[in-house]
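Trainee: So the chains spell out like this:
There are 2 protein chains.
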Amino acid sequence: MIIHTQNSGLSGEIISKGKAKVGAYIEHLQNVIRQKVYDPPESSLVLPGDSLYHNEIKAMIQKKKTSALKHIVVVGIGGSNLGTKAVYEALYFYRDQLRRDTSATHMHFLDTVDPEMTHAFVEFMKRNIKSSDEIVINIISKSGGTTETLVNAEIVIAEFRKISQNWKDRCVVSTDEGSKLWKEAEKNNIDTLRIPKQVGGRYSVFSAVGLFPLGLCGIDIDALLDGATMATTTMDNALYSAIFHSHYVHEGKNIADTFVFHTELESLGKWYRQLMGESVGKDGKGISPTVTVGSIDHHSIVQLYLGGPKDKSTTFVFTSKSQELDIPKHPVFDLSVEFAGKTEASIMHAIRKGTAEAYKKQHLPFLEVEFSHICEKELGWFMQWKMIEMMILGKLLEVNAFDQPHVELYKTETRKMLEANNE
Amino acid sequence: MIIHTQNSGLSGEIISKGKAKVGAYIEHLQNVIRQKVYDPPESSLVLPGDSLYHNEIKAMIQKKKTSALKHIVVVGIGGSNLGTKAVYEALYFYRDQLRRDTSATHMHFLDTVDPEMTHAFVEFMKRNIKSSDEIVINIISKSGGTTETLVNAEIVIAEFRKISQNWKDRCVVSTDEGSKLWKEAEKNNIDTLRIPKQVGGRYSVFSAVGLFPLGLCGIDIDALLDGATMATTTMDNALYSAIFHSHYVHEGKNIADTFVFHTELESLGKWYRQLMGESVGKDGKGISPTVTVGSIDHHSIVQLYLGGPKDKSTTFVFTSKSQELDIPKHPVFDLSVEFAGKTEASIMHAIRKGTAEAYKKQHLPFLEVEFSHICEKELGWFMQWKMIEMMILGKLLEVNAFDQPHVELYKTETRKMLEANNE
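These protein sequence lines are chains A and B, in that order.
When you read off a place in the first sequence, starting at 1, and then add 3, the result is the number in the numbering used here.
When you read off a place in the second sequence, starting at 1, and then add 3, the result is the number in the numbering used here.
Since the hints were made in silico from the structure, they are not lab data.
Hints are not guaranteed to be accurate.
Note: identical chains are not told apart, hence a pair may lie in one copy or across any two.
What the hints assert, rightly or not - Here are the simulated DSSO-like cross-link-like pairs (lysine-lysine), alpha carbons at most 30 angstroms apart as the crow flies: (1) K200 to K183; (2) K190 to K345; (3) K419 to K356; (4) K414 to K356; (5) K345 to K183; (6) K419 to K364; (7) K288 to K363; (8) K129 to K356.
Please read these numbers as outputs of a predicted model, since none were measured by experiment.
Required output: the full structure, derived from the provided sequences and hints.
Mentor: Next up, the structure:
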């Protein structure tokens, strides 16, 4: 992964000031990694180097893996599924859209309490699951009390019980050790995986939350962790991009756009949207993270970006290496002749470079993140880089990057509504 | 469709001032509808009442419909596919995610030039298309010169030719009458459907662009048009929501969030994102449209919305009527007992109402759009309402709501890149 910074618009002075402000904090982060103790709120940094914990997760993967395994059901929402979905879709988006007839293991995400969604999934189970070794249900809730997750888990299990008596063997509950859900899973003889207590939901992709379902699906979690480790060995990138965001929000740019050039990376952008949204959006402060997908959104919202208010900073994400696909040399339509014999990738490459040029001409600041290709290692690197960036950004903006106090506002009101319905 | 305005925060005075500014323009819009002439830039308003044109489209649907039809390939991008995708996914999102084994007709969208995507689709065709009557390829480009669309069309057709000699009979080109693409389609004996010249891409969902593939797929396009007509008979809703957006952008809220409570409506939000982004994002002005999906994003970005800067206005979109699904009366986990025996929809309902209460308490302005249920008629109504809103908003913000001049900036640079590669 290479980060090109020449169009960031950051002067040496801005960078020096930022560095000075968080120098001590960077040292603290490095200490957390060195000491390998789950205690401070930054404990997620310990995860990539914790091989004891990885072995617990890998043992569970071995226990649940069967030759017939076709469906992994991730019952979780927010920090409990966005990271997993980001990695899974980056690698398998198009396979899942179009190649359902392979014998591969597919992942399903049950997040919100949408009756249309849950109903469709229950019907799918009825039709497709013939024996319990074809499926694993992973129920993930850090607190153990997430409404949506409990509701979906109950509905899916109720159906699964009808299909198989061995349903308990095919469930895994991932939660804080000792949470209510943990205890009830144990009481029911359902296997559990612990999420270290100090690791917050949106920082938990390298815990059992992400590693178990991804590894079970055949994704190379060691490579993912290798990438994450690379991001922790040098924190320069994270420091730079944190200063980038901090500078531009102070300049009045209240939107940070992650502009990916591959549809299969949209979910990675959405993972980052939670990370930035929840980590630094509080106390009246914050930056609104958005996700843009090239070249789809060139035909949607790039007009606004190039011609509208200059209220955004941008991070382009792309890889130059991808599937080669030739455009036919002898086109049906004469007006296609200018593309004939080129590759599709070369067209996308030109659009990406053309976009960067247009941004430069409009004086819109941007970073460019270049993946060598879309693989576990680069994804792990990107995600860990972004999590460190967010911790540093919290310091720069002087907010607590690890809590989400305002979520309680709607939860309190929702509880009132539910209680009123009971009367 | 009902629009609840009591939490808009708009005073009578603000509304009166807005009405005064665009009174003459509203009359102009009503004249356009009455006179049924495709001449002014607002000509898209003529579409729902143009039965002659509908008959052309319906005749083409009859011509291409076969009992074996399983795949409709929409090759188009931006205004050429976002509206179609919005309606299709609103109705069939979960079926397509999970119920691929039915004999239904599925729609595929080839938009950007992503070699991973196109390659996956070509492989899918190789495996699944046995005879030409199983597929229709609809190539859509208003100008007739959209790079992505031409490239994807050439690649897909090159593959289709290998499968069937009758490939031309199964293609339809939708474009401006007389465009280069139109002429080349005619030269090749490929059927064409015209897009009325004065109807801009992002306003074209009720032209052949949307109606042909949607109708061919079995979607009730008459109901869609009935809904659109209802939005044109009264313009009060559009006037109100245009004033809502205009007021809050002047108050410094530069983000307009469409907050849907059904995952299958995310694409409807993305359709609106283009409509607002391109229509009023120019001359340094504009509003950044975002899409939020409840309750997924309650666990992602609602912290920012409730606790961060007050830089957004919000439009909630929901229906109270949906699939009923009971949560089991006897849960596996004791801590689920508070939901036992309720319906999933009642939980979502409480989350939605709880969210609105939290917004009220934080003094965040919002409109609420309530669909009777998610169906063609309500979708048509919503889309036409929004298109009229955008025309009025253009007047209020004093920008041309029908052009997209800055898109040329990246296109010019992209052409330079492509030409440099040729040397």
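Trainee: Does each hint fit the structure? Answer for all of them.
Mentor: Status of the hints after comparison with the structure:
Within a single copy, K200 and K183 get their C-alpha atoms as close as 14 angstroms, which meets the 30 angstroms cut-off; across copies the closest is 63 angstroms, which misses it. For the identical chains of this complex, K190 and K345 are inter-copy neighbours only, at 25 angstroms across copies versus 62 angstroms inside a copy, given an alpha-carbon limit of 30 angstroms. With identical chains, the CA atoms of K419 and K356 are at most 30 angstroms apart between copies only, with a shortest distance of 10 angstroms across copies and 52 angstroms within one. Taking identical chains as interchangeable, the C-alpha atoms of K414 and K356 lie at most 30 angstroms apart only when they sit on different chains, with a minimum of 10 angstroms there against 45 angstroms within one chain.
When the C-alpha separation of K345 and K183 is checked against a cutoff of 30 angstroms, the pair qualifies only between copies, where the shortest distance is 21 angstroms, while the shortest distance within a copy is 59 angstroms. In the homo-oligomer, the alpha carbons of K419 and K364 lie at most 30 angstroms apart only across protomers (14 angstroms), although the nearest pairing inside one protomer, at 53 angstroms, exceeds that limit. For the identical chains of this complex, K288 and K363 are neighbours both inside a copy (28 angstroms) and across copies (19 angstroms), given an alpha-carbon limit of 30 angstroms. In this assembly of identical chains, K129 and K356 lie within 30 angstroms of each other by CA distance neither inside one copy nor across copies; the values are 48 angstroms within and 33 angstroms between.
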